[in-house]
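K.L.:
Going down the list, the protein sequences come from chains A and U. When the first sequence is numbered by this note's numbering, its final residue is 422 and no position is left out of the sequence of numbers. When the second sequence is numbered by this note's numbering, its final residue is 321 and no position is left out of the sequence of numbers.
Hints in this document: simulated from the structure, not taken from any laboratory. A hint or two may mislead.
Stated by the list, open to error - Computed, partial: chain U to chain A, Cβ under 7 Å:
id: 1; residue: Ala33
id: 2; residue: Leu35
id: 3; residue: Asn38
id: 4; residue: Ser154
Yeah, the Cβ is synthetic: ideal placement off N, Cα and C, and Gly gets one too.
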Amino acid sequence: MKMDRRSFLAGTAATLTVPGMTGKVYAQEKIVRFSFPQDFTKIYTFVTSEYSQGQRDYITLVNERGGIGGYKIVADVSDHANDLPRAIEAYERGKREGMVLIDPLSTPVARALVPRALEDKINLITAFSGRSDAADGTVFPYVLPLSINYWTQAALIIENFSKMEKGDLKGKKIVFVHIDTPFGKEPLPILEVLAKRLGFTLIPFPYTPPGNDQSAIWPQVRRAQPDFVIFWGAGVGQTVALTEAFRNGLKMDRVSSSVWLSESDMDVVGRANAKGVMKVEPCVGGREPKVIKDILSDVVGKGKGAGPEGKVGTAYYNYGVQMASLMVEGVRMAVQKAPNGPVTGPWLNEGLTSIKDFTAEGMLPPTTVTKADHQGGGMGRIAQWDGNKFVPITNWYTAFQDVVWDEIRKYAEEFKKTGK
Amino acid sequence: MDIMLIAELVLNGVFVGLMYALVSLGIVLIYKTSGLVNLAQGALAMTGAYITWVIGAYFGVPIWLSIPAAVVLMFFGGVLIERSALRRMIGQPVIMAIMLTLGIEIALRGLLPGVFGAAVKKLDIGVSPAPLFLGDILINQSIMIGGVVSLALILASLAFFNSRYGIVMRAVADDQTASWSVGIRVEKAIAVAWGLAAVSATGAGILWGATQGVDWSLSLLLIKALAIAILGGLDSIPGVILAGLIVGVAESLATGLIDPVVKASTRDIVASVIILATLLFKPHGLFGHEHIERV
Chain A
3 MKMDRRSFLA
13 GTAATLTVPG
23 MTGKVYAQEK
33 IVRFSFPQDF
43 TKIYTFVTSE
53 YSQGQRDYIT
63 LVNERGGIGG
73 YKIVADVSDH
83 ANDLPRAIEA
93 YERGKREGMV
103 LIDPLSTPVA
113 RALVPRALED
123 KINLITAFSG
133 RSDAADGTVF
143 PYVLPLSINY
153 WTQAALIIEN
163 FSKMEKGDLK
173 GKKIVFVHID
183 TPFGKEPLPI
193 LEVLAKRLGF
203 TLIPFPYTPP
213 GNDQSAIWPQ
223 VRRAQPDFVI
233 FWGAGVGQTV
243 ALTEAFRNGL
253 KMDRVSSSVW
263 LSESDMDVVG
273 RANAKGVMKV
283 EPCVGGREPK
293 VIKDILSDVV
303 GKGKGAGPEG
313 KVGTAYYNYG
323 VQMASLMVEG
333 VRMAVQKAPN
343 GPVTGPWLNE
353 GLTSIKDFTA
363 EGMLPPTTVT
373 KADHQGGGMG
383 RIAQWDGNKF
393 VPITNWYTAF
403 QDVVWDEIRK
413 YAEEFKKTGK
Chain U
27 MDIMLIAELV
37 LNGVFVGLMY
47 ALVSLGIVLI
57 YKTSGLVNLA
67 QGALAMTGAY
77 ITWVIGAYFG
87 VPIWLSIPAA
97 VVLMFFGGVL
107 IERSALRRMI
117 GQPVIMAIML
127 TLGIEIALRG
137 LLPGVFGAAV
147 KKLDIGVSPA
157 PLFLGDILIN
167 QSIMIGGVVS
177 LALILASLAF
187 FNSRYGIVMR
197 AVADDQTASW
207 SVGIRVEKAI
217 AVAWGLAAVS
227 ATGAGILWGA
237 TQGVDWSLSL
247 LLIKALAIAI
257 LGGLDSIPGV
267 ILAGLIVGVA
277 ESLATGLIDP
287 VVKASTRDIV
297 ASVIILATLL
307 FKPHGLFGHE
317 HIERV
């Protein structure tokens, strides 16, 4: 953690104090500029450090191998602290410096940047955050989640529950414990539709953010005698939820969450206590994927890693690698289409929306991004904590995309009409 | 409504309320001696928990030793805050000193996660998380032990105020000028109050940290602590206990009874309503003393 923060601070200091430096270094080279203003110090702290480390390590790997078609990737990292004025300042700074892609990793920041990105034609990446309806590329051409949105994640969880019950959830009781914020409430419309379609009873329990005290929630969950529990939060809300689930004697192998669950959360809950809990996996975890092995040997092994080696291969680190690999694949496709650029937002957008069956050498589910589908196909899988690591218990799959896309189109249409 | 659920919620609320009350104790201690409302109390609780974790994680010290070490460090940390920051505010409007404590709150909330990492950290004080049932009622061991320890510490502080030095501090609280005139070192008494407030914050931070993990969100305990201090009366230690119980039980019952009706979380609203209602209808709280000034 020490090294991680030091390297982050050093990188940020370099970026902030010598704003022209990166430009000068690459003045003679062809570059593609990404901007990564993210929340290192306030709300998204539980994920940002590892996610950013994964992104930077992957980009280092690509650059060390000569870049993409002669282009080097420049990643400007800064801290917006989930603060909208700071994020907008970082966006405008990035725009001045020629960024063609921005990844703020924050729902409120992403939502605030949507109108600017659409107007400026800068690719706004909203992985695991932002608006779920941004999957509709016809309405949001420059907003790209490139990952399974929360509606798809909820659908994947329900499909898995259904498989566990041999395809029949009729009469079952599913409790949804969620943080009482727009993010926490987001899966509710999908869950309500699926409850009607599949015949299960949905019981939601909202908790006050950030969720550090849920002691009055979980006795109610226990007394509801649910067949399954979905818990939906982030950071301390997740660890407290799991701890309370265990304290209340719930069966952990009937408890599932979104992508926001990591190894470090299991350390807080107690690795053995959390055994059996399930989560949605958007990419392969651990150090087995070839990309991660390459990073370990060619980046970390050569002392060029962006953070502590111990974090390489954690869930959130791999999410960072996943997203960076998709961004770089977008560059590769853009170079294929127009090798001489010019490097602009629309140039990269052409590349990003041409990604086809990309797996990053087996690390991702087959991902296809089109001008209409910015989610990438909506595939994920379920992994289960075995007391030491998350082990996949399903193959890559997608579920209830008709329901999910009904919702996507409904909200996208609303945005088109009202701008909200 | 299931009567056993209500009983369980009340029991949870009692223990949680006592844990809140321990945070609130620090606010009362400082107000009693210096007339200041310490808005840094939540961040002090977070700091105490972080320091306890750091001593264990970085130096490999066992928890039974890192707790007293953190308590001692935080006592001197509290004294240092008074000596280096608050004492400079003497002669300035009270609001400036209160704003200074708010500044300390914000600084600590940013500094510690920045230095030690913002991810949630496990603070294991040896309490089993395994479920413990009393009939149909779940006893949450973590908050039960937290509540009992909190009550013991609050009672200990009551006993302290009946000791020789406690009487000195009460004299300072009563009339600083008169205390000066009889040779009491008022500044020292106020510094000790800050030290003790930091100690109570550390106790609360450790107990809450063991329950939820250690991260910045521990500083949010300030809101509950303020609600309790205001309801109990800002200068009343017994008031802290009763108000803690009221706030804890009210929050817990609101979660069980109101949330399902309004389909939203009302837990934090309870504290806000208590603050507003107390200030409107009983500004000095349940046990607070009304100060009458002769003009």
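K.L.:
Next step is simple, just say for each hint if it's right about the structure.
P.N.:
Checked hints:
1. Ala33: Interface hint status for Ala33 (chain U): violated (10 Å vs cutoff 7 Å).
2. Leu35: 6 Å, holds
3. Asn38: 5 Å, holds
4. Ser154: Nearest chain A Cβ about 9 Å off; hint violated.
Violated hints, listed in ascending order, are 1 and 4; each of the other numbered hints is respected by the structure.
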